[in-house]
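Novice: Chains as they are written, first to last, in the UniProt record's numbering: chain A, 1 to 320; chain B, 1 to 320; chain C, 1 to 320; chain D, 1 to 320.
It should be emphasised that the hints constitute simulated quantities derived from the structure, not laboratory data. Among the clues, some could well be false.
[Claimed, not checked] Computed list of lysine-lysine pairs in BS3-like fashion (alpha-carbon distance at most 30 Å, straight line):
| id | chain 1 | residue 1 | chain 2 | residue 2 |
| --- | --- | --- | --- | --- |
| 1 | A | K215 | D | K54 |
| 2 | C | K290 | D | K234 |
| 3 | D | K85 | A | K173 |
| 4 | D | K209 | C | K3 |
| 5 | C | K54 | B | K173 |
| 6 | B | K208 | A | K32 |
| 7 | A | K290 | B | K306 |
| 8 | C | K174 | B | K231 |
| 9 | B | K85 | C | K241 |
| 10 | B | K91 | B | K32 |
| 11 | D | K85 | A | K241 |
| 12 | A | K174 | D | K231 |
| 13 | C | K305 | D | K290 |
| 14 | C | K317 | D | K234 |
| 15 | D | K173 | A | K231 |
| 16 | C | K234 | B | K174 |
| 17 | D | K289 | C | K289 |
| 18 | B | K215 | A | K3 |
| 19 | B | K289 | B | K111 |
| 20 | D | K54 | C | K317 |
| 21 | C | K289 | D | K305 |
| 22 | B | K289 | A | K305 |
| 23 | C | K215 | D | K54 |
| 24 | A | K231 | A | K208 |
| 25 | C | K231 | B | K173 |
| 26 | B | K173 | C | K174 |
| 27 | A | K54 | C | K54 |
| 28 | A | K290 | B | K317 |
| 29 | A | K174 | B | K289 |
| 30 | C | K215 | D | K32 |
| 31 | D | K174 | A | K231 |
| 32 | B | K317 | A | K54 |
| 33 | B | K231 | C | K234 |
| 34 | D | K234 | A | K234 |
| 35 | D | K289 | C | K290 |
4 protein chains.
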Amino acid sequence: MIKSIAVLTSGTDSPGMNAAIRAVTRTALFEKSIVWGVTDGYYGLVHDQIEPLKSTSVSDIIQRGGTFLGTSFCPEFETSAGRKKAFDNLKKHEIDGMIVIGGDGTMRGAKIFNDEFDFPIVGIPATIENDIWGTDYTIGCDTAANTVVEALNKLRDTALSHRRVIVVEVAGKKCGWLPMVSGIASGAAYILVPEYKVDIDELVEELKKRHSCGKTYSLIVVADGCGDIMKIGKEIADKTKLDTRISVLGLILRGGSPSVEDRVKASRLGEKAALALLSGLYNMVVGYKKNDIVTIALNDAVNDKKDLDREYVRLSKILT
Amino acid sequence: MIKSIAVLTSGTDSPGMNAAIRAVTRTALFEKSIVWGVTDGYYGLVHDQIEPLKSTSVSDIIQRGGTFLGTSFCPEFETSAGRKKAFDNLKKHEIDGMIVIGGDGTMRGAKIFNDEFDFPIVGIPATIENDIWGTDYTIGCDTAANTVVEALNKLRDTALSHRRVIVVEVAGKKCGWLPMVSGIASGAAYILVPEYKVDIDELVEELKKRHSCGKTYSLIVVADGCGDIMKIGKEIADKTKLDTRISVLGLILRGGSPSVEDRVKASRLGEKAALALLSGLYNMVVGYKKNDIVTIALNDAVNDKKDLDREYVRLSKILT
Amino acid sequence: MIKSIAVLTSGTDSPGMNAAIRAVTRTALFEKSIVWGVTDGYYGLVHDQIEPLKSTSVSDIIQRGGTFLGTSFCPEFETSAGRKKAFDNLKKHEIDGMIVIGGDGTMRGAKIFNDEFDFPIVGIPATIENDIWGTDYTIGCDTAANTVVEALNKLRDTALSHRRVIVVEVAGKKCGWLPMVSGIASGAAYILVPEYKVDIDELVEELKKRHSCGKTYSLIVVADGCGDIMKIGKEIADKTKLDTRISVLGLILRGGSPSVEDRVKASRLGEKAALALLSGLYNMVVGYKKNDIVTIALNDAVNDKKDLDREYVRLSKILT
Amino acid sequence: MIKSIAVLTSGTDSPGMNAAIRAVTRTALFEKSIVWGVTDGYYGLVHDQIEPLKSTSVSDIIQRGGTFLGTSFCPEFETSAGRKKAFDNLKKHEIDGMIVIGGDGTMRGAKIFNDEFDFPIVGIPATIENDIWGTDYTIGCDTAANTVVEALNKLRDTALSHRRVIVVEVAGKKCGWLPMVSGIASGAAYILVPEYKVDIDELVEELKKRHSCGKTYSLIVVADGCGDIMKIGKEIADKTKLDTRISVLGLILRGGSPSVEDRVKASRLGEKAALALLSGLYNMVVGYKKNDIVTIALNDAVNDKKDLDREYVRLSKILT
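In isolation and in its complexed conformation, chain A is listed as follows:
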């Protein structure tokens, strides 16, 4: 029976991780279990940075971006020697199970660790790119979408004042959720996502049509998985002859105080993950399907590719 669990955050940080840690901690304590915080992700596991958490350890953190436990990318954990040390540390503290919060790299690490040591793990998906298979939602994506929209709002002021086209790069290596949703929400003229072939000529046609109808400016949102933003911007400028600028929204999308949705959904995932692990259900990732909490086999979360909801694609065509 699982009575003592560890929690860590790994990979890139995203807003709402703290809410998830807090929910894991308080749920475990509510269930009379022991809960340990591992700092700096898998690195802390390898280097025995493991301390017990109390209810007050997670006070006043639900509103903070980032992760108070710290996070990292840990090459050592990619070696068996490193993972062995991690396992020994868990055993030393008599920890029976672990909750890992992060993106697909994190889940891959969890899978390998689990394969090797048969150690009970539950994953919680957290990444602003919302690119994990099997779940409609990953922690941080709503806050990031609101951050993109806020930035686009500022860029609209400039685009409108200067009668410009502004081409904005948004995180989305293999999944277009973030550029798509924030583009729709901002009334972007065109949205490029990695799920569809980039067709600059079509984009140029749309822009010409749009500007001939009296529109004086355009915002174009481009996922960073669609290619070089400089090249895309230049091609648009050359082919439309419109005053065109680019803007790259980089690291600022990762931080910030989490939105209500991210706080509440992260809390629910944290609670479910803890309850599942403590009741003996593991080697899975908890996620959402249509607002219901579901579980995904670690295997699937790691190996599959997520689709972009076609509803969004259609909507973006009609509304702009």
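Fit chains B, C and D to the known structure of chain A by using the hints.
Specialist: Chains B, C and D only, in chain A's frame:
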């Protein structure tokens, strides 16, 4: 066959109404139909404030709070004479169907109008209180929740600095969704909602326990349907002997630039409402069930009482 | 020679207090002096809540609202017995001077303490109402003005949608700076401040003129020192027959992450206060005159009444 | 006597331009004069895009970023032929004077135009970089500083979670005001400005010292006039061996709803500019010296180089 539709907003404004109007308009135009904007809600219907909308009529409004069509409470529309005038105006412009955006008062008006004249209507639920039966979501509730959380974040600074209890009143006449969700998201110490009997003594016990564990401040969220905030605050102060203040978040919760969720969900509802009406489906309200769009009979939306998701109630107990 | 100083915050909290404490601390340490933090204001002085501060004690606080040292109103410090205990505690720790951060109540306490024990004190004015004589600026007023303007922005959405008059109460017991500045910045139709006699009939005339020129809504800002907002609202409603609502911005104006201006100005005041005290200049308040740092005798800061810049009054008349 | 004036915005947009246009317009109308709005800056002057403004033309714009008149860079206006057309258009409308709002390029254009045609002009400085000689303040700089600080706040979450150094590029081609002020306000570890020789080795020493004292992350703010951010970032990473990332805050700094300070100061400048021009004072720029409004000869505003307040430089050293 329905080829010409009107759209209006009625009752209290909520953030995202503009996104819905925009989606209705662009969808109707995309479908080669005619779309009319009615200003000031049912009042404009009675007084023939009805003008055709073009695609550019709804440019640059998705980011704005309120409703650019205007809204109102219209006593005239509550009389048969008033409704007859409204009907005649719709006929005069050869309008075949209507989309009304608003809260339960708005839907009740739509129901009566429909009963009398058998006029095709689709409703879109919009209210920050999220209190319409049959839908998990109403336009504006996510923005309002984020506004509450922002306010609670400011109040936390003061509560923490002064070691105070701050009791905050939040909109929620008969439905506790807004206070519940924003309370959970803010780490509120206690949340009072109209769905449960108010038990100040239990609250006082919780507060005493909490402050004896080292917590130095508390935020308490109270739905305005739970009674007089002044009395509640005084009773808490008297019984706990803690420095207690109250804060009423009134009208500021109604406005503000809509969140991504409200913009996207309102856009989807607007599109579906227009598509439904134009294809001959009406006398219903469109809403969401677990993130899928559903339809609710006008009758049901008006007559039934919505429950608060128990998941939230349980979560609030464990996390605080 | 002064080598060891204490710092405290007292009275109502305001955003930027942390920046001032941080600057005091780092400046004192830079000057090789000892600096002590007193928690909970004068209460902590009386009850010996006095701990040394290190450079890292003030890390990561410049962005936080409130005061990490805590603050309070302390009746004990208003008695000689209480003040004697405070003095003894300072002596016990061999503290030679003190910096107090707060509003006019705080300065009054400092004055009395100084009169009794001839203990070196420098005051830093901090209050969102900007009501301390001799300085153009008090810590927190810029953040509060931005908070008011943000709230008015939300209220404008509702006022515009409903064609309403919204009457908004803003902090300003005896000084109209905050309502005046935020009213001008928001394009308020009318601003009532305690420095001028309230003339509702003139206000009503202005409103009638305004609405007859095609304006469909109005925001009116009222300082809380101008009388009962309920009465004022009712009188406006009765006399104009316009749909009129009131909104009270209470405690939320006290909190929030400080603006750049408040962070920088508070830092400069903190630095100057520490440098002055350590070099033997005290029994004064540091402030700003036209962006230059000035000193004001404790006596004057406490006893005089501040005027409202007529420039603002004139501007408000022309621009609306 | 000057009875009819034009107003335009030129060059890069900045938040608060609308407040200035509004104040110019309302002041001119208050003084019973005629006021014309020129769209798209000098381009609109050359191409006769000149329309009269009414009081309601400037309603509901004080809260908007950008400029509702539009702005541009206009090569035609750099030729005598272009300027002759501009002059003829002004004469055609019987316009006697002009107010131009923009940065130093705008002022240079105004100077040349004035030299050629002896046409009365008053300039209002507007640029987020605060780099115009003779004035402590230019419209937009306070909003931009707050935008930078907000972005740094988000980046801090990531820096803290990952124990990283983040090097942030901020606008400041020849003047370091914006990076300096926002760096101080954010507790940046180091600030590079164009007024001082970049000394990466000193910076590296400071970082090493800082991180050896237990600080786990650092934000470094670099003016874009200090050189290639990629190179600077790489050099820091190589020499400190710390995990180092860069972030470029580009166009988003230009937009956004203006802060209270920018709204009020822009309003005051607009009013003074209009009053001056109408009373026969011109060929100058209005600005602020220590919060008082001053006038600067067009000649000086264009030719001189502005210094960075040493107070800030000193403060940044002590506080970090």
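Novice: For which of the previously enumerated hints does the structure constitute a violation, in increasing order of number?
Specialist: 2, 3, 5, 14, 26
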